[in-house]
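Okay, here's what each chain looks like letter by letter:
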Amino acid sequence: MMSHAPVFVVITPILGALLMGLLNPFVKKELYRDLIALVSLMTPLVLMLYIYRTDTNVVYEMGGWPRPYGLVLVVDGLSALMVLMAGIVTVTTFLYSLEEKRLLPSGNRYNFLFLFMAAGLYGVFMAGDIVNRYVFFELTIISTYVLLTYKGTKESLRASYNFLIIGSTASFFFLAGIGLLYFNTGFLDFGALRGTVPYIDQGTRNIIFSFFIIAIGMKMGLIPFHTWFSDAHVNAPTPMTAILAALTIKTGLYIMIKLFSIGFDTLPIRWILVFLGAITALTGVVMTLKYTDLKRILAWFTMSQMGMIVVSIALWSPLGIAGGVMHLVNHSFFIGLLFLSCGTLAYVHGTRDIRELPLLRSNILLSVGFLIGTLAILGIPPLNGYYSGSMILQASSRYPAVYIVLILTYLLTAVSFFRIFALSSGISDLSSPPESMLIPLVVLAGLCVFLGALSPLWMRNAVFPAVRAIQPGAVFEGSYPYLNIHGLVLVVTSMSGAFIGYFFAPFISGLKLEWADGLLSRVPVTDAIRYMIIVMALVLVLFTIL
Amino acid sequence: MKAVHKNILTLFLLLTIAVILLHGLDLEHEDKQESPLHMYYLETYEEAGSINLVESILLNYRAYDTFGEVMVLYVSIAGILILSEQKKGGEKD
Amino acid sequence: MLNGLNIALLVMLVGLYGLTNNTNSIKLIMSLSVMGSGVILLFVSIGYIPGAEAPLMTSEVMTMDPLPHSIMITLIVINLATTALGLAIAHRLYKSYGTLDVSKYFEGDDE
Amino acid sequence: MSSPIINTAGRALTPFILMYGAYVTLFGVLSPGGGFPGGMILASGIILIIVTHDTEEIKALASHTEWFDILGAFAFLLVGLSGIFVGGAYLTNLWPDNSFMLILLDIVVALKVFAGTTALFIFFFKLEVVKCSTD
Chain A
1 MMSHAPVFVV
11 ITPILGALLM
21 GLLNPFVKKE
31 LYRDLIALVS
41 LMTPLVLMLY
51 IYRTDTNVVY
61 EMGGWPRPYG
71 LVLVVDGLSA
81 LMVLMAGIVT
91 VTTFLYSLEE
101 KRLLPSGNRY
111 NFLFLFMAAG
121 LYGVFMAGDI
131 VNRYVFFELT
141 IISTYVLLTY
151 KGTKESLRAS
161 YNFLIIGSTA
171 SFFFLAGIGL
181 LYFNTGFLDF
191 GALRGTVPYI
201 DQGTRNIIFS
211 FFIIAIGMKM
221 GLIPFHTWFS
231 DAHVNAPTPM
241 TAILAALTIK
251 TGLYIMIKLF
261 SIGFDTLPIR
271 WILVFLGAIT
281 ALTGVVMTLK
291 YTDLKRILAW
301 FTMSQMGMIV
311 VSIALWSPLG
321 IAGGVMHLVN
331 HSFFIGLLFL
341 SCGTLAYVHG
351 TRDIRELPLL
361 RSNILLSVGF
371 LIGTLAILGI
381 PPLNGYYSGS
391 MILQASSRYP
401 AVYIVLILTY
411 LLTAVSFFRI
421 FALSSGISDL
431 SSPPESMLIP
441 LVVLAGLCVF
451 LGALSPLWMR
461 NAVFPAVRAI
471 QPGAVFEGSY
481 PYLNIHGLVL
491 VVTSMSGAFI
501 GYFFAPFISG
511 LKLEWADGLL
521 SRVPVTDAIR
531 YMIIVMALVL
541 VLFTIL
Chain B
547 MKAVHKNILT
557 LFLLLTIAVI
567 LLHGLDLEHE
577 DKQESPLHMY
587 YLETYEEAGS
597 INLVESILLN
607 YRAYDTFGEV
617 MVLYVSIAGI
627 LILSEQKKGG
637 EKD
Chain C
640 MLNGLNIALL
650 VMLVGLYGLT
660 NNTNSIKLIM
670 SLSVMGSGVI
680 LLFVSIGYIP
690 GAEAPLMTSE
700 VMTMDPLPHS
710 IMITLIVINL
720 ATTALGLAIA
730 HRLYKSYGTL
740 DVSKYFEGDD
750 E
Chain D
751 MSSPIINTAG
761 RALTPFILMY
771 GAYVTLFGVL
781 SPGGGFPGGM
791 ILASGIILII
801 VTHDTEEIKA
811 LASHTEWFDI
821 LGAFAFLLVG
831 LSGIFVGGAY
841 LTNLWPDNSF
851 MLILLDIVVA
861 LKVFAGTTAL
871 FIFFFKLEVV
881 KCSTD
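Chains as they are written, first to last, in the numbering used here: chain A, 1 to 546; chain B, 547 to 639; chain C, 640 to 750; chain D, 751 to 885.
If you're looking for bench data, these hints aren't it; they were derived computationally from the structure. Wrong hints could be hidden among the right ones.
To be verified - The calculated label-pair distances, taken between Cβ atoms and stated as ranges, are:
| id | chain 1 | residue 1 | chain 2 | residue 2 | range |
| --- | --- | --- | --- | --- | --- |
| 1 | C | VAL700 | A | TYR199 | 27 to 35 Å |
| 2 | B | HIS575 | A | ASP201 | 17 to 25 Å |
| 3 | B | ASP572 | D | ILE755 | 52 to 60 Å |
| 4 | A | ASP527 | B | GLU574 | 32 to 40 Å |
Claimed, not checked - Simulated crosslink set (BS3-like; lysine-lysine; CA at most 25 Å straight-line):
| id | chain 1 | residue 1 | chain 2 | residue 2 |
| --- | --- | --- | --- | --- |
| 5 | B | LYS548 | C | LYS666 |
| 6 | C | LYS743 | A | LYS512 |
| 7 | A | LYS290 | C | LYS743 |
| 8 | C | LYS666 | B | LYS552 |
| 9 | A | LYS28 | A | LYS101 |
| 10 | B | LYS548 | C | LYS743 |
| 11 | A | LYS101 | A | LYS29 |
| 12 | C | LYS666 | C | LYS743 |
| 13 | B | LYS552 | C | LYS743 |
| 14 | C | LYS734 | C | LYS666 |
| 15 | C | LYS734 | D | LYS876 |
| 16 | A | LYS290 | A | LYS28 |
| 17 | C | LYS666 | D | LYS876 |
Glycine residues also receive a C-beta, built at the ideal position from the N, C-alpha and C atoms.
Produce the complete structure using the sequences and hints provided.
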């Protein structure tokens, strides 16, 4: 029976959700529904831990049809890591939402959609077929559209509508790319595509990728496709924000890694992604200086960090991939922690405006949690952001322009975070939020510290298998030391940024950045589609010239 | 930028894309790669249980896809019903 | 040159033009459907093999490639789901904002 | 909409539409058709009745259709799981006769699509008509 574990990872949440739906007319108590949801979110985590302990390379054939002809579930180093990450984040955010969903105008059937979204994420991470991945991504994203509207405000409806239009357009581009891929290779399975895509001639391959670039760029929130991003994050309920930032946008990154690994890793393509990623990293962090709404600031930070991860992976050296994958996992934990503590702060103090939030004079667990998240994002040594950040810096050190952009990003991140601390004021309130909100914070903060301290260990045992699943012949020269020159650069940069941010906060807080209005934020959906067209045209012209 | 100018720009860009796509891809039915999957489905259709190949792919070889699709349809319908049930009180906020 | 594959790409671009040129939220969803039709036409044309017959194993004649066709059934259903959800959200939006014009949704709301 | 002609035509046509839907569903294995088109045709029969007899009793069906919807999705999952119990993988044929599972899944999918589409239609049918200016 345990050989069927991979399929149960995907279907247990669906089974739980459907049971909940069937029992809905008969069971009136919310407690049972919460219990069903919790059990069916825990099960995939436990099953995946079991699979990971016994065998790290499982291919589960659906219906018994062999691999390129039928559909398979693949558990390799990378997908196992992603599923574990998704399991931890979904369980913790669900615990958090037990309290939060009572505040929503209509909290019923929240669990139900949440479970479908989790199942979709597992399906995306484990699918071995490109169309199957699309289908499960739609499952995730459609439940997200509905969950976004749960606050019932008109802004949340607007965010959901914009996300729907942009997301569907990107999905159509993705499908058209799949069609052209099938036209040219005759396969849809990733294993078979890996052998056939490199034989497509270069021009055709570039044009096919120009379709994919829009789809994955939209899913990751890269700069010209980011218009849904901050609006959706701000207007969603807090647990949904955490899931969006920690997991849903990672599916785009995961698809990008998969596309690179099957043979779209040629130079002009990768340089375009490095370029977009670098722009996103810098612009995202500059935009944080404009706002005073903590959730919106964190949303733009998420984008900036995603840009860094994209840069690191698109450099496509083993160290870059390892750093990117590791930062991806770390980022899920610390951004989840930051969003959840932001939500708890708003729950306790009733506002998200940093000028009225007593950030460091709140409940002790809450303040420490927020501080740990901050220090992790800045890459301060015992925390998890340090090690992966220094790996990203070393991987990019061969390209000075990229290196400078990343250093600037770290500097401005520190400036922006310490600006928040400097500006925060308000009446200190030590009242404790409910325990179901604090437990997730403690778990995620603990993971940040624990994974940070044990970085070399889990890099060797979890990240290297993931990199080998992407690049089968990847070789690392020795092991990467915990204390090194790039780590020192990172810490010094963050420290000086923190200094600048804390003492020059009054000057920075006057930043209006009016050029960004209507260009980067508050973009109507038609202009968002126009950006897609512009990027596609530019990319195609570039490919034609080269 | 005026709306008219934006539209002219968009139209121009779309024409560029169209020219590059049609010229660069140069799709013809004859260029299609012979798919091993197609041959496999032709040979094993008796195992899959239907003389209608689309049916046997939909519900046998790729039944997991259909499973996901049924769930997508269900979630969207449930979502629409949830949207219609939501209290109107939250709309002011 | 003038075959289903190329026309499908053009239909997709027509849908894109509709998505940028309209500001009515219902018309945007209709443009989305046009774009979806382009994708469907693309896949169905990919499955087409000149001189072949429909994929029913009743005779020994060569059949069309059935895989893109069955993928399209999946896509049509997902498309239906998304369109319906989009229309429901557009209806709620209209009731909240009192207008269908998407460019007006950002007015009077400072972030 | 209630004129005797429309009512009579709706009543007369619906049984045939439903029968055709059932035929398309059950013979999907042997001819073009299957669960999705079959379910859609079945739903169109019910929709015809709803449109022609615009009564409250029929609109009250909406809550039931949603329940059928879940039932369809759940049945698909169970058919998939039954593959594991007969010793194969998820979604393996559970009967030596190959087309058994196809027909079973066809019926399940038809039920699902029928209930889902009807629920969708009733939702949009119940919306009040609002006059809105075009842009």
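Given a hint of 32 to 40 Å, does the C-beta separation of ASP527 of chain A and GLU574 of chain B actually sit inside it? holds, 36 Å
Within a Cα-Cα threshold of 25 Å, do LYS666 of chain C and LYS876 of chain D meet the stated pairing? holds, 21 Å
Tell me if the straight-line CA distance from LYS290 of chain A to LYS28 of chain A falls inside 25 Å. This hinted pair is violated, its Cα atoms lying about 46 Å apart.
Regarding the pair LYS743 of chain C and LYS512 of chain A, is the alpha-carbon distance no greater than 25 Å? holds, 22 Å
Is LYS548 of chain B close enough to LYS666 of chain C, meaning Cα to Cα at most 25 Å? Judged against 25 Å, a Cα distance of about 21 Å means the pair holds.
Quick one, are LYS101 of chain A and LYS29 of chain A close enough, alpha carbons at most 25 Å? holds, 15 Å
Is the Cα-Cα distance between LYS28 of chain A and LYS101 of chain A 25 Å or less? Holds - the C-alpha atoms of LYS101 of chain A and LYS28 of chain A are around 17 Å apart, at most 25 Å.
Is LYS552 of chain B within 25 Å of LYS743 of chain C, Cα to Cα? holds, 17 Å
Would you check the hint for LYS666 of chain C and LYS552 of chain B, treating anything up to 25 Å between C-alpha atoms as holding? holds, 18 Å
Kindly confirm whether 17 to 25 Å is satisfied by the beta carbon distance between HIS575 of chain B and ASP201 of chain A. Because 18 Å falls inside the window, the suggested range holds.
Given the hinted pair LYS548 of chain B and LYS743 of chain C, is their alpha-carbon gap at most 25 Å? Cα-Cα ~16 Å, so holds.
VAL700 of chain C versus TYR199 of chain A beta-carbon gap, inside 27 to 35 Å or not: holds, 30 Å
Comparing the model with each numbered hint stated earlier shows that hint 16 is the single one that does not hold.
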